[in-house]
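Participant: Line by line, the protein sequences give chains W and U.
Per our numbering, residue 95 is the first one in the first sequence, and the count goes up by one each step.
Per our numbering, residue 309 is the first one in the second sequence, and the count goes up by one each step.
Just a few of them, taken from the derived set where beta-carbon distance is under 8 Å, the chain W residues facing chain U:
hint	residue
1	138
2	198
3	200
Derived CB-CB ranges, DEER-like:
hint	chain 1	residue 1	chain 2	residue 2	range
4	W	140	U	364	20 to 28 Å
5	W	96	U	394	26 to 34 Å
6	U	362	W	95	22 to 30 Å
7	U	324	W	108	49 to 57 Å
8	U	418	W	102	22 to 30 Å
Source of the hints: derived by calculation from the structure; they are not laboratory data.
The model shown is predicted, which means the values in this text are computed figures rather than measured ones.
All residues carry an ideal CB built from backbone N, CA and C; glycine is no exception.
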Amino acid sequence: AQSVTQPDIHITVSEGASLELRCNYSYGATPYLFWYVQSPGQGLQLLLKYFSGDTLVQGIKGFEAEFKRSQSSFNLRKPSVHWSDAAEYFCATRRREYTDKLIFGTGTRLQVFP
Amino acid sequence: DGGITQSPKYLFRKEGQNVTLSCEQNLNHDAMYWYRQDPGQGLRLIYYSQIVNDFQKGDIAEGYSVSREKKESFPLTVTSAQKNPTAFYLCASSPSGTDNQPQHFGDGTRLSIL
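Please model the complete structure; the sequences and the hints are all you need to start from.
Facilitator: Rendered as structure tokens:
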């Protein structure tokens, strides 16, 4: 069955440090891939998405993600983290032949120290 | 501004009681979704609807019911059959049939048992 794995439940970084959040998917063909961010008690906000083309995707708030087919990964990166980036991050995928369902990873909680 | 409105933000249910969570969108989206979020489990799909007067079960539909009488509204009823209803509930919408568009989320309703 199709799935998304976020291996890191909780990550702590210092403000100004670089960040990489891992995401692996299982699907034979190229899926649609998304990263969402959730602040406490809030809904999810889309950071970026990948459908095809350039494997390095730029998003909002200075985030980017790289699709690597050989590793079945779609890791999220930011060169310099701000305290306001502290939140929970979800990777999600959607199969190309079904446009109505998202499959979410279990999320990675990011904590930022000053 | 267009968006998704969920109400109430907090809801309490007594044993044996049905409760209804509201979700309204003014994005003119055809498709709407309900997710349940539990700590450490990511988001799980309860029900979704791609068109008015039609909806399908998601992965965890037992104990829940929905209706889709209007395009902009997709209320979720948590019935007394749902034995563990305490969770954060998120409503989402997307343009149906446009598979390169992400889902947009409301700010959620937190349901607790009295």
